[in-house]
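K.L.:
Chains as they are written, first to last, in the numbering used here: chain A, 1 to 425; chain B, 426 to 740.
Check each hint, because a few of them may be wrong.
As the list claims (entries may be wrong) - Chain A stretches covered by chain B per the calculated footprint, using a threshold of three residues with CB under 8 Å from any CB of chain B:
no., region
1, 58-67
2, 126-132
3, 136-144
4, 150-160
5, 212-223
6, 365-373
To be verified - Cβ pair distances, simulated, as ranges:
no., chain 1, residue 1, chain 2, residue 2, range
7, A, Gly302, B, Asp494, 57 to 65 Å
8, B, Pro653, A, Arg29, 58 to 66 Å
9, B, Asn600, A, Phe283, 29 to 37 Å
10, B, Arg555, A, Tyr34, 50 to 58 Å
11, B, Asp492, A, Phe276, 55 to 63 Å
12, B, His566, A, Ala222, 32 to 40 Å
13, A, Pro311, B, Tyr578, 21 to 29 Å
14, B, Glu726, A, Thr284, 21 to 29 Å
15, A, Gly161, B, Arg555, 42 to 50 Å
16, B, His566, A, Asn160, 45 to 53 Å
17, A, Ile47, B, Asp494, 44 to 52 Å
18, B, Arg509, A, Pro190, 50 to 58 Å
19, B, Tyr714, A, His306, 38 to 46 Å
20, A, Leu20, B, Pro652, 54 to 62 Å
In case anyone wonders, no lab produced these hints; they're calculated from the structure.
For each residue, glycine too, the CB sits at the ideal point set by N, CA and C.
Now for the letters of each chain:
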Amino acid sequence: MSEAMPEQQTRAPLPFGRFLLDGLRQMLRGNAAYWAWVTLLLALIGIGGWYYYLQLSQGLVTTNMTNQVSWGFYIANFTFLVGVAAAAVMLAIPAYIFHRDDIKTVVLMGDTMAISAVIMAILFVVVDLGRPDRIWHLLPGIGRFNFPESMLAWDVVVLNGYLLLNLVISFYIISCHYRGCEPKLRFYFPFVVVAIFWAISIHTVTAFLFSANHGREYWHHAILAPRFIASAFCSGPALMILGLQIIRRISNYPIPWSVINHLAIVMTVSLQITLFFVAAELFTEFYNESEGAMSGHYLFLGLNGHDALVPWIWSALAMLGVATLIGTIHPLRRKVMLLNIACVLTVIGVWIEKGMGFVIPGFVPSTIGEIHEYAPNLHEVMVSLGIWGIGLLIFTLMAKAAIPIECGELRAPGVKAGKNICATD
Amino acid sequence: MSDKSNDQRRDPGADPQPTDLARRRFLQRLGVTALAAGATASAPAWGGSTLGDAFADFFQDHYQRMDADEVKETLARIERKAKRRYGVDIDCKDTPAIPGVVFGYAINISKCRGYRDCVHACVEENNLSRDTQYIRVVEMHHGSLNLHEGDHYYQGTVPEPGKYYLPMQCMQCDNPPCVKACPVEATWMEQDGVVVVDYDWCIGCRYCMAACPYQARHFNWGDPDLPPGEINPDTHFLGNRPRPKGVVEKCHFCLQRTREGRMPACQEACPTGARIFGNLLDPNSEIRYVLENRAVFRLKEELGTEPKFWYFRDV
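Working from the sequences, and respecting the hints, build out all of it.
P.N.:
Below, the structure written as structure tokens:
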């Protein structure tokens, strides 16, 4: 949150310093459990930082990536997280387009998750760079930005744009609530509409990043973008359901059950569509198996005795299948415990299916027929955990500061601390 | 002559922007300070100061945007760096493309015996890290052109009965997907049709490696393993100069040789005469003869990458 504020300073007609200070004070105030959580995240970040330092000094040779499998765990996580970020629209659309007031109360948490996920996604690309010191080469003007030719250039634009949009919207809403007034719909509605389309675009562009490569037939499918978006609308809502329940437990932020139910239905329908898309791909790949199906063969059945990814993908599909069943059968979905299990299975299943289960087989076999298997090593896992730590810390701190404002407990000086949405519910 | 061809190489669209000029002036001042610092400091044998060089390295511009002076300073700095790092005096040049020349390659697969002399000559000529090879010779079964069935790591006596050998390297596509992929324009096709990399501009994202259908791009995962005693001192900015870690590199048809009228190292090393290299625009060249009189094929032609790298058989 503190990252976002300086650029907003001129726009916001509010006691900015005080707002910042109040927010910081909230972040630094918490019970033992809060501090234990923050310390854990800081420890993760510290360890990840150390492993990243090793990678910086020795080069990417510290990872398990090779010239054959030239993208690995980092890009797998990146792909997953772009989807999570895009899924924030599953709150924004019903809240702002269909005027669901219950969802409107939690839409800010969706934006917060989107912001954390985009930052993580960007960090995963940065740690994957061989020369992060040259990242300024991407800046238009002083660098040379290959836009619109390069799909990676598109990704840089849409991810940063999405981050900015979400920061602007969240900041506007939260700063209004801080001053005890309602945000003016006509001010932020245009941004919301742009953000909704933008959310779809970030995942579409990320899919195009892969499907553009006609030399890698496993990625070169038109169904990729729809498939990415469908699976994003599984994992995003699943994470939100879990996160919102945690928030409800540890704070007095009102999370209506109707919101959870809405997300559960979105997740279920998306799971059904995702499995259908997977089936459609499997049929096309395997009915008449061409040379291009070798990656799919490697992933699902193994190739010439190489089968490192086979257990991964089948367990992912099993998890998604069980989650779909739980979601589809109403009495099962309505049991909170089962719903939570379905969410955990969905998150892990999608993380495998569009991470390791998607990025890696694009490189196996290589474009000229070599089979080099890949699994992440300790360095990659640690650096990745560090980035997850950063994302969770950003979410924690932002939510920590936002919740009392949303609840009406924290207000600008001179503003009556009434209108408590937490009390009305 | 060299100035003129320098101008030819320049990107006309990117030049006269005010921000660009301001930045260039800033960089020039920086260069001057760096040089002054080098002169006043302990003045090491190789000249120039490490700190100033590091600074100038960081701010080094894209090759296509450098003016003649900047290129000169950069080449000198590259030579100083090689001296510092390897203790070797290298000569780094940036010979421009010869007008009217587009290079192409044709391999006679009935002559190739799989000796891999080309592979090793390439490693030595191009100062490759000893764990990297631009050329891959694949041992193929007679009766099959399926790369997936070939042996990439064959050992023992060659040629083996029932086998033929298919050397692969960068195909220097005329429609290169790698160039499109690069988010910072660190790789491009030169006037002579060779796809090159500015090793000092590449950010190491490896998207070009994902885009290349021929596995022709190689990444420096760590510091290159380059024995100082084996360094080839005749180097080119876009070619075989020592590379930093964290950047992508690839075959460049031995620019340091071919732009001076010599043959690439792989062609010279081949003991069987399987390699035909030459100017595609010269109707009297040997490669044109091959293309006009033999049944030739290219790898993955269906992808539309238009490789300038052909294969043919005798008979």
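K.L.:
Lying within 55 to 63 Å: is that true of the beta-carbon distance B/Asp492 to A/Phe276?
P.N.:
For B/Asp492 and A/Phe276 the Cβ distance comes to about 58 Å; the hint holds.
K.L.:
Does the Cβ pair A/Ile47, B/Asp494 satisfy 44 to 52 Å?
P.N.:
holds, 47 Å
K.L.:
Verify this for me: three or more residues of the region 212-223 of chain A with a beta carbon less than 8 Å from a beta carbon of chain B.
P.N.:
Check passed, 5 qualifying residues.
K.L.:
Given a hint of 21 to 29 Å, does the C-beta separation of A/Pro311 and B/Tyr578 actually sit inside it?
P.N.:
holds, 27 Å
K.L.:
Please test the hint of 29 to 37 Å on the beta carbon pair from B/Asn600 and A/Phe283.
P.N.:
holds, 32 Å
K.L.:
Mind checking the hinted window 54 to 62 Å against the Cβ distance between A/Leu20 and B/Pro652?
P.N.:
holds, 57 Å
K.L.:
Between B/Arg509 and A/Pro190, does the C-beta distance stay in 50 to 58 Å?
P.N.:
At roughly 56 Å between Cβ atoms, A/Pro190 and B/Arg509 fall inside 50 to 58 Å, so the hint holds.
K.L.:
The hint says 57 to 65 Å between A/Gly302 and B/Asp494; measuring C-beta to C-beta, is that right?
P.N.:
Roughly 58 Å apart at Cβ, these two residues keep to the hinted range, so it holds.
K.L.:
Could you tell me whether the CB distance from B/Glu726 to A/Thr284 stays inside 21 to 29 Å?
P.N.:
With Cβ atoms ~24 Å apart, the hint holds.
K.L.:
Quick one: see if chain B covers the region 136-144 of chain A, three-plus residues with Cβ-Cβ under 8 Å.
P.N.:
Since 6 is at least three, the answer is holds.
K.L.:
Under 8 Å between beta-carbons, do enough residues of the region 365-373 of chain A, three at least, approach chain B for the coverage claim to hold?
P.N.:
As far as the region 365-373 of chain A goes, the hint holds, because 6 residues have Cβ atoms under 8 Å from chain B.
K.L.:
Given a hinted range of 42 to 50 Å, is it respected by the beta-carbon distance of A/Gly161 and B/Arg555?
P.N.:
holds, 44 Å
This entry satisfies every hint, going by the numbered hints stated previously.
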